[in-house]
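*Asks:* Fit chain B to the supplied structure of chain A, relying on the hints for placement.
This is what each chain is made of:
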Amino acid sequence: MKAAGPNNSRTSSDMLQKRRRSETAQWEARAPAFAALGDQTRLALVARLSSGQPYSISQLTRGSRLSRQAITKHLRVLERAGIVRSVRTGRESRFEFDPRPLADMQDYLTRVSQQWDQALSRLKAFVEK
Amino acid sequence: MNDVIEKRIELNAPVSRVWSALTDYRQFGEWFRVKLDGPFVPGEVSTGHMTYPGYEHLKWEAVVQKMEPERYFSYTWHPYGVDPKRDYSKETPTLVEFTLEKSGAGTLLVLKESGFEKVPADRRLEAFRMNEGGWTEQLKNIERYVAKAA
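Same order as they appear, the protein sequences are chains A and B. Mapped onto my numbering, the consecutive letters of the first sequence carry residue numbers 8 to 136. Mapped onto my numbering, the consecutive letters of the second sequence carry residue numbers 120 to 269.
By construction, these hints were calculated from the structure, which means they are not laboratory data. The structure presented is a predicted model; accordingly, all values stated were derived computationally and were not measured. A couple of the hints might just be wrong.
Cβ pair distances, simulated, as ranges [said to hold, decoys possible]:
id, chain 1, residue 1, chain 2, residue 2, range
1, A, THR96, B, ARG145, 50 to 56 Å
2, B, ARG190, A, GLU86, 51 to 57 Å
3, B, GLU220, A, GLN47, 40 to 46 Å
4, B, LYS154, A, GLY97, 48 to 54 Å
5, A, GLN121, B, LYS209, 26 to 32 Å
Backbone N, C-alpha and C fix where the C-beta goes; we use that ideal spot for every residue, glycine too.
One chain only, chain A, in its complex shape (with noise of 0.2 Å):
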């Protein structure tokens, strides 16, 4: 990869300063999501329910060694997360899938933020050369 040049060099490291701070700022966000997902069951849970279809506690415990108890008792610290959030039909309550924690707009538009900064590199490069 070609160094940037001296008039860049300034405006790169500010902004690479930028992002930084940011990317820090998302992590501090998230760390909720993630200390609630530092647990197995809960993992499997949210793999269960990242298919996007939501479940009901009985659907989850089916096939599961935990009691039905235990089952709930995962689903609300996700749900105090705000990773899985219930909804109610009829008189049972379902739970789903709620990306947006793990997966918020700012966050988002980081990633693709850093997506050009690197195609664009690669287009200097390109006519650089």
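*Replies:* Leaving out everything else, chain B in the frame of chain A:
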């Protein structure tokens, strides 16, 4: 909320050189890392597939909007490539605009991408896939692991 990405970059190459790197489909493909099926034509769909290592399964699909020689080039697309299994027809694409301006012996290129407010939350999660260890991939791994262990 700030939902526009804007980048300005000084390129040590004449405007005509930058223009061809942006609008000649073969040259665009080289730096963007995409293999395009044919030339860019305003109002027409541009198709191809990504050549970025690890993402070759993603399709490229964009609609060329405007081409004003050596000044302005724009297209709409769905950022992060296209998952062949997903239907994007109901989703609003984002607009990508390249503006060129002579700057000394070189070129000032301004890139703008806008329209992100319409991107649905679960699509935003796909962005993680473009990063190593992305969440979607991780969740799939966990799913596989859990399925095996059950």
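*Asks:* All hints are to be evaluated individually against the structure, with a verdict given for each.
*Replies:* Each hint, compared with the structure:
Between A:THR96 and B:ARG145 the Cβ separation comes to about 54 Å, which falls inside the hinted range of 50 to 56 Å. Distance hint check: the CB atoms of B:ARG190 and A:GLU86 are about 52 Å apart, consistent with the given range 51 to 57 Å. A hinted range of 40 to 46 Å is violated for the C-beta pair B:GLU220 and A:GLN47, which are about 55 Å apart. Evaluation of the 48 to 54 Å hint for B:LYS154 and A:GLY97 yields a pass: the beta carbon distance comes to about 51 Å.
Our hint of 26 to 32 Å for A:GLN121 and B:LYS209 holds, since their Cβ atoms are close to 27 Å apart.
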